[in-house]
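Peer 1: Residue numbers (the numbering used here), protein chains in the order written: chain A, 13 to 199; chain B, 625 to 1297; chain C, 10 to 308.
Think of the hints as simulated: they come from the structure by calculation, not from any bench.
Hints may contain errors.
[Unchecked claim] To give a feel for the contact side, a few chain B residues facing chain C, derived at Cβ under 8 Å:
| id | residue |
| --- | --- |
| 1 | Lys856 |
| 2 | Gln969 |
| 3 | Asp1088 |
[Unchecked claim] When the alpha-carbon atoms are kept at most 25 Å apart in a straight line, the in silico DMTMM-like pairs for lysine to aspartate or glutamate are as follows:
| id | chain 1 | residue 1 | chain 2 | residue 2 |
| --- | --- | --- | --- | --- |
| 4 | A | Lys37 | A | Asp76 |
| 5 | A | Lys191 | C | Glu279 |
| 6 | B | Lys1021 | A | Asp76 |
| 7 | C | Lys98 | A | Asp76 |
The beta carbon of each residue, even a glycine, is placed where N, CA and C say it ideally should be.
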Amino acid sequence: MIPVAQNNDFRDQVMVATPGGERLKSCIQCGTCGGSCPNGADMESTPRRLFALINAGERDQVLDSNTMWMCVSCYLCTSRCPQEIPITDIMYTLKRMSVAEGHAAGTDGAALARTFTSYVDRYGRSFEFGIASRFYLTQKPASLLRMGPLGLSMFTRGRMSLTPTRIRQVAQLRAIIDKAKELGGAS
Amino acid sequence: MAERIGVYICHCGSNIAGMVDVEEVALWVGTHLDGVVVSKDYKFMCSSLGQQMIEDDIKSEGLTRVVVAACSPHLHEATFRRACANAGLNPYLMQMTSIREHVSWVTSKRDQATVKAIAMISGAVERVKHQEPLQPNSVDVDPRTLVVGGGIAGLQAALELADAGHPVYLLEREPSIGGHMAQFDKTFPTLDCAACILTPKMSEVGQHEKIELLTYSELEEVTGSVGEFRVKIRKKARSVNEELCTGCGYCEEKCPRNVVDTEFEVGMGTRKAIFTPFPQAVPRIPVIDRENCIWFERGKCGACKKLCPTGAVDFDQRDEIVELKVGNIILATGYDTFDPRRMPQYGYGRLANVFTSLEFERMCNASGPTSGQIVMRDGKTRPQSIAIIHCVGSRDKNHNPYCSNVCCMSSLKFGHLAMEKTGASVSAFYIDLRPNFKDYEEFYKRLLEEGMDFVRGKVAEVTDAARLPGEEGKLIIQAEDTLLGKQRRIPVDMVVLMSALEPRPDAKEMGLKCGISCSMSGWFTERHPKLDPVATMTDGIFIAGACQGPKDIPASVVQGAAAAARVQGMITRGKVLIEPVVAAIHEEQCSGCRICNDLCPFNAIEFDGDKEVSRVVEALCKGCGTCVAACPAQAITGAHFSNQQIMAEIEGLLWDAKPAGPPVEAEERPVEG
Amino acid sequence: MKYAFYPGCSLESSSVAYDMSVKAVADKLQVEFTEVDDWNCCGATEYHTVDALAANAIIARNLALVGPDLDQLVAPCSACYLNLKKTDKLMVEHADIDDKVNQALAAGGLHYEAGRLKIRHLLDVLFDDVGEQAIRERVVQPLEGLRVAPYYGCQIVRPLNGFDDPEYPVKLDRMLGWLGAEVVDYPVKSHCCGGHMAQISEEQAFELIRRLLHSAAEYHADVVACLCPMCQLNLDAYQGRVNNFFNTRFELPVLFFTQLVGLALGIGTEELGFGKEIVAAEPILATRIGSTADAVPEA
């Protein structure tokens, strides 16, 4: 093993949790990712800057930032990165770490993910009406009013069911999910 | 008569002695191994004292064989062979065994290291008993040289050899010599006019009595080996008789057919169907582009033929194969450029005012398609703002991993020319700035003073989709300004892409013809990247200039001169010694199956059609042993690596192995039911 | 041509029009899609945010459920397609992930042999397998005069290469050309619609949507053709909110490409789910190619 110049547990953790993540060490800070990102202008740190922070071991600053939560998974960065760093996947890792280490409490991104996955765990399918209502009610109730007309037009066109669909073998799915969580894949 | 073997065990300071108990080994070898009459250990065998020791012992002890246990033969085999030769012992009666790379550097326990060293020396001792004296062959070096490629590197090489009085054939694929440098406007950092410094060399080459120019010609085949190559050149049909043509240019003037010039003008300008690529072409003999000529299309026109004052136009001219004999070949075939259509995010080909570096270069050139005016694609509007994008296709695992070396400086040059000619504002978008040669850093500082703008950030996208005020009708550069940590959108009129340098598309094929290989990135492989950049693994084939890897003009000139110097050295020596460690095919046993012919990595096996046997070309053979192993009739032996020698070495290595007992009975297996 | 089919959750709710048109078109083109029995949600982008292994495991459940007689799995939704294909690729390239995922699957009595399935996007199947000739010769109502802006979005072309150019894809453009439509070449056809951004940060989302609508409108598109439920939802359902937010007046119908394919093949609009879009397509269709309520019989 080639030793790192300084003790960078944070970076090691990020790299291990992301397939192909070891390429993070090869970042030449070119800025292609920051330049490509559709939301780059509105992030606290561009992806490139975030990687500089990771390489410098700045755990809190990284996990507190809004960068990964603004990632739309468009993969332009990943596609263009000259060092083939799996940037979008690192964003997912950072989201998971951020949630797991309590940095993202209360944020919309974390709440949406939690709400969505709770429905999948329970029914085996997503349930747009249920997810949207719970999410807006808990995170931003004022927005519910604005979403009302949209919801209505979707419903009247038969594009939104008011009841969830359940797969037959929910128990099987549950068993798989529980085993996966037990094996430890959170980060 | 029993051999008298001298064994020398090197300490190599503490490199070997730190792990191997060298004194014990020397003692053991001296007392246990048959035939060993001298067994010594010494601090540094490669030193002059160490070598002297071997020489003295050969004379005083009458040694007939020498074994040196030390570092890798790659380093000092030649040294110890020379020591033997100096003392009158055939150098091939010496065997080295590496107890450094193979023992002390890879073992962590002293006792194990010592045991292994003993085994290896024992192997070497047994082997050396069976070694034969060998004599290197010598080959006369033909003083003629073939230089492939008439760019700046090839021109330099040709001139140096010719000025030294040696005949040179200069082969060039295009109708004129000059290469890419002829396309440039100015050169960095001096801002010399490229043509002004190049054309005198071109002229000199054209008129030199020792240089025979073979332009509009291709290398077809290379056979033979160093000192005595035989090459076949295809002189493509120019449709113009070189003896009669005076280069007056009347034909070109009168030709009615205009063709888009995709070579010299990189698609930005036109030429005629009968043409010389540029005004200073050497030779000034035109070529007919038969694919675009009215006569060859439908038998009409023929104006050039009718009007030529010397009757030099010859529609019936055919390609001609010329056979040459040369002693050495210098490949100086140059580079190609990356096609930026492979990166659609930069919009080249879709967005009109995105230019490649070569296109921009032609625009700057006073005799170029826009007469030296920097204008947009409409041919008349001056840009008020220009963005230069670095690293297009370079430093990118998606395309080429390497840095193309010249683009940072080229970009500075473009910035200067653009600001000078148009007064436009110029912004360069870079990852790192690499002005890394003499006066280059100062050139960068000069451009800073001249007001060129630099943004550190590889451009993500060039788009015409306006979003913010001021962007309508412009090309927008979207990049992260990494020094500010902000994404920026900068509207400009014109974009210049600094495209990567790439190997020629047929570089690999060319390499194979000459028996050399290319690296993973496609550049010709040099013998050693640090210490021998112009030689290759094939003796007599040299490389120079960008074909070895992206480089600028001074570096190409240097390599051209270096290759010429190496060839000169060979010519001066007059003879070349061929290592006698070669394979030999025993004709009586050869069945003519030819399996060995294609297996040889060095194309060193010929087939004699009359006798129907294969034969090794000793000058090309590197003694790799592939054919020896492959021959189904065991008709091939490898000198210095005979079966006897190898088996003896194995016996020696296994000196303490238990003797083989009776064969073990296979266990009875129950039959599957 | 037989394929396993993974509809994805959206096709049963927000994107029923996609579901309807896929079925109608597949039938017409004699492509047999067999829905994966008891398939579960792929987790979209949300499950990967919570737990990587669980996300891969629930995706792999779908892969494991494909019957042994089928080796091609088709997804009409770009996000599902990417999830399915990516998980399979991870399992092929990383033995440890393969091991763990299969351990999780085993808890549910399932197993998936990494790399067994060829995972395709619906567009890929129609373009490459069904092909130009088969589609062109079945066109009975060419979409002449209809200016269509093909909108690819992101996840169909990135990050997994091989299907089309990741920056400047062309296959949907070409297919729309086969239908006789006038294809609008506009610069942002593979830029992002914002995904789930509309739920998280409206301003950001609306800006991304606005950029796409603006460009398509600037190039005088009559309709936009999508191949992903999320994209269609964002561009269609939020168009009104975008207009309010930016004071724009976009009125650009956003359809699924299969609806247009079906239309050209003579299938009736009702069967193709027309009318389910929020920004109505009927007016412009009527203007450009005449009333299309009834199915056009084959010649």
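Peer 1: It remains to establish, for every hint, whether it holds in the given structure.
Peer 2: Okay, the hints, checked on the actual structure:
| no. | hint | result |
| --- | --- | --- |
| 1 | Lys856 | violated (42 Å) |
| 2 | Gln969 | holds (5 Å) |
| 3 | Asp1088 | holds (6 Å) |
| 4 | A/Lys37 to A/Asp76 | holds (22 Å) |
| 5 | A/Lys191 to C/Glu279 | violated (45 Å) |
| 6 | B/Lys1021 to A/Asp76 | violated (31 Å) |
| 7 | C/Lys98 to A/Asp76 | violated (31 Å) |
The structure does not agree with the numbered hints 1, 5, 6 and 7 stated previously, though it agrees with the rest.
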